[in-house]
Amino acid sequence: MKKIRFFIVGIAANSNTPKPLGLHKGSDCYIRQYDLQSSSCGRQHSHLDVLGITKMGALVIPDKINDNQGTTFTVTEVSGDTRFPCKDVTSVKLPETIVKLGDVCFYGAKLTEINIPKNVSEISHTAWADLNAVPECKVVTENTHFDSDDNGVLYTEGKAELRSVPSNIATKTGSSTYTVNSAVTSIAKGAFFANLGLKKVILPPNLEKVEEGWPSIAATKDLEEFAMTPSSTAKYEVKDGVLFTKGLNKLVLYPHAKNVANYTVSAGVKEMASYGIAGNGNMTSIDLNEVTKVDVSALVDIGKLTRIKLPKDLKKDGLRQGAFECCNALEAYEVAEGNTDFSAVGGVLFSANKETLYFYPLAKPDETYTIPSTVKEIAAKAFQGATKLTSLVIPTSVEKIQEQAFRQNYKLASVTFCEPSKITNLSAYAFWQCPKLTEVTLPSSITEIGKVFLQCENLETVNVPADAKLKTIKEDAFATNKKLKNFNFQGNCNLEAIEANAFANAESLESFKFPKTVTKIERNAFTGCTNMATATFHEDADIQKIGEGAFADCGLKSISIPKKVQTIEREAFRNCIYNHRTTKTNQKYPSVNL
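Per the numbering used here: the sequence shown = residues 17 to 610.
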């Protein structure tokens with residue numbers, strides 16, 4: 017038997033890109049098989065990827081799996097996929113063959129503790145990020161990479177880095193204050209998460225590193241303050257319960273439960289860290305004072321925040337796109353007098369020349385908004401969470417729409433791209449989670465479309481206007497749009513490529529009429545389109561390649577293979593309904609088994 021690796025709830029990162037062959041449901045899990053070509057030896061290896069566990073209660077992961085076809089898989093890694101939750105799993109026992117715990121392990125599971133076997137050498141900083149609560153970790157003494165204490169706190173070997181504190185720490189210790197072990201010099205993201213009843217964290221005196229970004233080191237709603245013993249070696253300090261870098265240059269982390277309504281950032285502070293102020297429920301306004309650099313997602317989910325004031329010396333290079341996020345009560349942005357890079361009109365934040373729209377206040381009451389004709393760029397996350405908007409007009413002046421610009425616009429039902437459009441960059445996730453969108457006509461000027469409408473669960477129709485410049489439908493572009501029925505080309509379009517999984521599992525898609533210019537349909541492009549009865553090609557189509565699994569598990573009743581097709585890869589028409597004789601003009605493929 018050949019021994020190769022097996023991945024529970026995810027596949028490990030590798031310099032070679034794995035190719036999924038198909039998704040299958042086993043008795044207790046969802047499994048996807050991959051092939052991976054080794055660049056070093058040219059050999060191909062098969063991997064199994066168990067995406068989610070349907071089993072209830074205790075889960076004991078085996079050290080080996082036999083596929084009953086002569087191959088034994090050794091379990092070496094664990095990671096996750098948020099599409100496949102493990103919500104009914106209450107405990108997990110890992111085998112000694114495990115060497116790595118990856119991102120979002122056991123998504124949604126209700127774990128209270130987990131064992132860390134002796135061979136585990138790598139644990140992702142976000143391993144527990146999507147659990148309901150952080151479990152107590154029990155590291156075996158033979159493990160030379162990680163350590164734990166009697167409270168189930170996880171460290172790297174020698175307690176140099178704090179990795180995770182169990183969510184029940186306040187209950188377990190009987191105290192609302194937790195003192196970090198004095199040996200700790202580094203604190204990882206997610207170290208404190210959902211620690212109910214924990215109000216104060218005392219940081220170690222020799223702290224050298226605090227990891228920034230999501231999740232912060234203390235994403236816990238009851239935390240009121242940090243404290244720290246002053247030290248000449250520490251690179252951090254605490255003022256008024258807030259964590260800063262030494263010398264008060266950067267605001268690193270503001271406690272979720274700190275009770276200050278109108279907050280002015282301390283004088284001298286020049287920088288706001290990513291997730292520096294997140295989840296606070298008491299702040300109603302903030303004056304950034306002397307800040308000159310605001311990182312992405314610096315202010316996030318501040319539920320009562322109504323106003324943000326930008327300081328005089330903040331320049332456009334100092335404000336990262338997406339710096340302010342999910343502040344749902346925000347009514348207006350203000351700009352200090354003398355600022356030469358920004359302006360505010362009607363509470364909306366623009367560049368001084370009004371060519372870039374940076375941020376739209378989420379509590380602005382308007383249901384309809386027409387973007388001013390001066391605007392050339394809509395910044396990343398500019399409208400994220402604007403839940404009152406129902407319709408939007410994008411003028412011909414706009415050239416770029418950055419990532420997540422209109423994410424989570426839950427009431428947005430109409431988007432109009434005025435023509436002739438100049439948009440060349442319609443970035444991925446631009447309309448992520450806009451459930452009211454049912455029909456969209458794309459701007460004629462874009463050359464590619466990716467995951468723009470991710471999780472727009474009610475999107476039924478996408479129109480490509482006549483003479484559109486669209487060349488590529490990118491990987492996974494419409495894979496989450498299960499209600500997509502129609503993808504209409506309203507005239508000539510020189511589309512060339514439909515990439516892997518572009519319409520995978522778009523189970524409502526009824527038909528697809530390919531423009532003559534399409535030359536390749538890549539792996540799993542239409543796999544799982546169970547209602548797609550017809551796929552129509554131009555009589556003189558340029559199509560040369562149909563990738564593996566391209567139409568697998570579709571509802572195709574017939575198909576004619578154009579004469580220029582040179583390659584049909586394996587399982588291209590797996591589990592389609594009928595056998596059909598292809599066109600006689602294609603001598604290489606006189607017939608295809610559907």
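Keep in mind the hints are simulated off the structure, nothing from the lab.
Mixed in with the good hints, there may be bad ones.
[What the hints assert, rightly or not] Straight-line alpha carbon distances no greater than 27 Å define the calculated BS3-like cross-link-like pairs of lysine-lysine that follow:
{"hint": "1", "residue 1": "Lys561", "residue 2": "Lys536"}
{"hint": "2", "residue 1": "Lys331", "residue 2": "Lys286"}
{"hint": "3", "residue 1": "Lys126", "residue 2": "Lys251"}
No experiment lies behind these values; they were computed from the predicted model shown.
Are there hints from earlier that the structure breaks, and if so, what are their numbers? Hint 3 is the one this structure does not satisfy, whereas the remaining hints hold.
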